[in-house]
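Novice: At position 155 of the sequence shown (counting the first as 1) the number is 212 in the numbering used here, and the numbers step up by one without a gap.
Hints are computed from structural coordinates only; laboratory data are not their basis. A couple of the hints might just be wrong.
Simulated crosslink set (DSSO-like; lysine-lysine; CA at most 30 Å straight-line) [as the list claims (entries may be wrong)]: (1) LYS657 / LYS609; (2) LYS330 / LYS379; (3) LYS284 / LYS307; (4) LYS609 / LYS576; (5) LYS307 / LYS333; (6) LYS558 / LYS548; (7) LYS273 / LYS379; (8) LYS595 / LYS481; (9) LYS481 / LYS379; (10) LYS284 / LYS379; (11) LYS307 / LYS395; (12) LYS566 / LYS616; (13) LYS569 / LYS558; (14) LYS379 / LYS320; (15) LYS595 / LYS576.
Listed next, with one range per pair, are the computed distances between beta-carbon atoms [to be verified]: (16) GLY322 / THR393: 17 to 25 Å; (17) VAL335 / PRO692: 31 to 39 Å; (18) THR282 / GLY629: 42 to 50 Å.
Every residue gets a Cβ at the ideal spot worked out from N, C-alpha and C, and that includes glycine.
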Amino acid sequence: MTALFDSPPADAEGMILFHSVHREIMLRNPVYPHMLLDTLRGLFGDPAVNADCQAALGFTGLEAVNIMQAVRSLSTAQLAERFARMESARDASPPFLRSWQQRKESEIELPDQAHRAAAQKLFDAVQGLTTHIDEATVIDPDAVARRTGYNRATVEAVLDAYTLTGVMDIGDTLGRFFRGDNPLRTAPIISDAQGRRMLVHEALALPAVREVIENKLTAAKRWDTYKQHRGEWVENTAVDLLAGIFPGAKVYRAFNYFVPDPKAGTAQTDPVKFTKRVEGDGLIVIDDVALIVEVKAVALTPEARAGDPRRLRSKLRDIVTKAADQAGRLRERIITDKRVRLDDGQWIDASGVREIHTIAVGLEDLSGVTTATATLVAAGVLNPDNIPWTVSLHDLRIVSEILDRPSELLLYLRRRTQPETTWKYRAVDELDLFLLFLNANLHVEPDPRRTMQTLPWSGPPSTADLRRFNAEHPWLVDSHTEPLDAWYTSKIDPTATPADKPRLSADPKLLKLVDMVSKCGEPGWLPTTASLLEGNGKVQRRFGLHSADLAKLVRRDRKRHMITQLMPETSGTHILLVWACHSPDEEADDAAEHLSRYLKAKKHQTGFHRAAAMIFDPSGSDLLRLLYYNEPTEPDSQLDEDIAQLVPLQRMKRTVPRPGHQSKPR
58 MTALFDSPPA DAEGMILFHS VHREIMLRNP VYPHMLLDTL RGLFGDPAVN ADCQAALGFT
118 GLEAVNIMQA VRSLSTAQLA ERFARMESAR DASPPFLRSW QQRKESEIEL PDQAHRAAAQ
178 KLFDAVQGLT THIDEATVID PDAVARRTGY NRATVEAVLD AYTLTGVMDI GDTLGRFFRG
238 DNPLRTAPII SDAQGRRMLV HEALALPAVR EVIENKLTAA KRWDTYKQHR GEWVENTAVD
298 LLAGIFPGAK VYRAFNYFVP DPKAGTAQTD PVKFTKRVEG DGLIVIDDVA LIVEVKAVAL
358 TPEARAGDPR RLRSKLRDIV TKAADQAGRL RERIITDKRV RLDDGQWIDA SGVREIHTIA
418 VGLEDLSGVT TATATLVAAG VLNPDNIPWT VSLHDLRIVS EILDRPSELL LYLRRRTQPE
478 TTWKYRAVDE LDLFLLFLNA NLHVEPDPRR TMQTLPWSGP PSTADLRRFN AEHPWLVDSH
538 TEPLDAWYTS KIDPTATPAD KPRLSADPKL LKLVDMVSKC GEPGWLPTTA SLLEGNGKVQ
598 RRFGLHSADL AKLVRRDRKR HMITQLMPET SGTHILLVWA CHSPDEEADD AAEHLSRYLK
658 AKKHQTGFHR AAAMIFDPSG SDLLRLLYYN EPTEPDSQLD EDIAQLVPLQ RMKRTVPRPG
718 HQSKPR
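Required output: the full structure, derived from the provided sequences and hints.
Specialist: Listed below in structure tokens is the structure:
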């Protein structure tokens with residue numbers, strides 16, 4: 058096992074163990090309590106599950122949730138009340154202290170009754186936080202019973218289940234903790250010889266609930282009902298969250314579909330004749346983008362958490378590798394067959410899909426491991442050609458509540474699933490990566506030699522390009538969640554200081570354009586808006602001003618004007634972006650007809666994956682049309698003729714902006 062203070066190992070598998078242990082030590086509470094409470098009530102809200110819990114534990118899952126929540130809230134309320142008394146006594150003391158200081162040294166003056174009362178109040182408040190602190194920290198089962206409405210026997214049974222038993226050597230306990238094995242994770246309550254109980258920290262109460270119940274259900278052989286309910290609940294919740302980000306998307310849930318049977322006597326190539334039926338957890342199709350959702354509600358064992366190589370490798374393969382492999386089956390059908398045959402006789406039409414991402418959602422927070430994508434690839438846990446965004450259900454909920462636009466998630470998926478991203482940005486927590494993306498775009502300098510391969514007409518890389526790429530080095534990402542904490546606190550606590558929601562840092566004029574393109578809802582709006590956001594700050598400012606600049610030219614000569622940009626994308630594919638303002642003397646439809654021919658020819662010339670043209674009115678303020686083409690490039694003699702009228706590619710190298718954002722992570 059790898060300890061916190063050991064040097065990070067050089068091999069990929071050793072690095073995964075190191076990241077896992079490091080996360081267990083450094084992250085005490087990776088989930089906001091109100092979200093965890095919602096999850097626990099969802100997991101243990103099923104009557105059949107609660108019946109099994111009652112039989113196996115002597116109390117239901119909901120009773121455990123509500124009692125541990127009451128213990129947590131009573132503990133914090135008691136301490137908050139004592140701190141409030143201390144603050145009140147402190148605020149009442151200055152007048153008496155000043156009068157006492159102003160007396161003459163020769164005077165013998167006893168404090169008056171009010172002064173003595175204030176002093177006693179302060180003394181009692183200090184004692185309440187020191188000498189008598191046990192009165193606030195000791196759990197009162199009767200108070201918990203009154204708070205929850207449960208009888209004392211049920212309260213005692215729950216408290217016993219979450220109380221640390223056995224006297225352990227302090228050195229051994231610390232050694233276990235610094236190897237990722239925290240005994241308080243499942244037993245956050247401790248007791249003394251008199252039987253008094255104390256919750257070690259309020260943040261430990263709710264995270265312990267699920268693991269203890271799952272272990273007890275497994276031992277009592279009452280696991281199956283809960284396992285099925287847990288999987289269905291996580292699956293539905295995950296798909297609901299993603300569907301909420303992409304309104305209007307086609308959403309497929311818990312479907313069965315057919316793939317070729319590798320054991321068939323003859324190779325199966327026709328989807329109509331596929332015979333092997335497999336399951337898909339979720340598929341979201343929006344515009345020409347497909348999001349494959351795989352849910353893994355598998356729990357990590359204590360041994361895996363503590364960095365046991367065999368156990369951790371097994372669990373990672375259960376959670377990460379299987380999710381990627383299962384999503385890969387559906388991905389292959391979309392790419393190869395352009396359609397998917399369901400077992401109810403229906404078909405999913407995927408002929409228009411040009412971009413596919415996999416999202417693997419789990420109950421477990423694997424941050425620290427899954428944020429090291431490059432290491433997972435090196436260790437063989439992930440295939441570099443099929444990298445999912447592995448995210449916990451709670452982090453997915455946070456992301457869904459923060460995002461303002463669908464294009465922001467698509468851009469994050471493009472950036473986040475690059476292995477190079479997590480090589481450069483080393484983070485313990487997924488949310489630190491996401492918030493860094495909002496602030497600084499998670500840019501990784503592209504390999505100029507690879508760019509030359511995809512854009513051969515752009516010529517050999519410059520010395521500056523090579524220097525920037527070779528200068529890339531890892532950054533240790535520190536905590537970026539303080540603004541997020543403040544925002545959620547302001548939402549939950551009406552007495553808290555108001556705080557703004559964290560938002561994507563981008564040029565305001567460009568965001569206005571992104572919103573206009575999104576609102577038009579025409580084919581291509583989603584990949585176009587994500588690509589508009591790919592640029593660095595300088596490129597974004599330029600993109601946001603293009604329509605206004607074109608309008609100035611139109612006003613000057615009353616002619617149609619346009620600007621063409623060749624935009625590299627993080628995914629390695631590229632998009633052709635065109636801004637155009639039609640003249641006051643022509644109809645928008647006429648301008649669209651001309652630009653459509655130009656756009657097709659330019660896409661054919663460049664061989665780009667996509668091409669989009671935004672047509673504005675002569676003032677440059679209103680978006681009238683979005684033209685979009687994403688068909689694969691194929692031989693076309695008419696387009697070859699049209700290309701002869703275009704600017705040669707070699708002269709367009711200067712129109713390729715550098716994507717990304719150059720801010721350094723803090």
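Novice: Does each hint fit the structure? Answer for all of them.
Specialist: Going through the hints against the structure:
1. LYS657 / LYS609: holds, 27 Å
2. LYS330 / LYS379: holds, 26 Å
3. LYS284 / LYS307: holds, 28 Å
4. LYS609 / LYS576: holds, 25 Å
5. LYS307 / LYS333: With Cα atoms ~25 Å apart, LYS307 and LYS333 stay inside 30 Å; holds.
6. LYS558 / LYS548: holds, 10 Å
7. LYS273 / LYS379: With Cα atoms ~26 Å apart, LYS273 and LYS379 stay inside 30 Å; holds.
8. LYS595 / LYS481: This hinted pair holds, its Cα atoms lying about 22 Å apart.
9. LYS481 / LYS379: holds, 26 Å
10. LYS284 / LYS379: holds, 17 Å
11. LYS307 / LYS395: holds, 16 Å
12. LYS566 / LYS616: holds, 24 Å
13. LYS569 / LYS558: holds, 19 Å
14. LYS379 / LYS320: Given pair LYS379, LYS320 holds - Cα atoms ~20 Å apart, limit 30 Å.
15. LYS595 / LYS576: holds, 25 Å
16. GLY322 / THR393: 17 to 25 Å: Between GLY322 and THR393, where Cβ atoms are some 21 Å apart, the hint holds.
17. VAL335 / PRO692: 31 to 39 Å: holds, 37 Å
18. THR282 / GLY629: 42 to 50 Å: Check passed, 46 Å falls within 42 to 50 Å.
Checked against the numbered hints given earlier, this structure breaks none of them.
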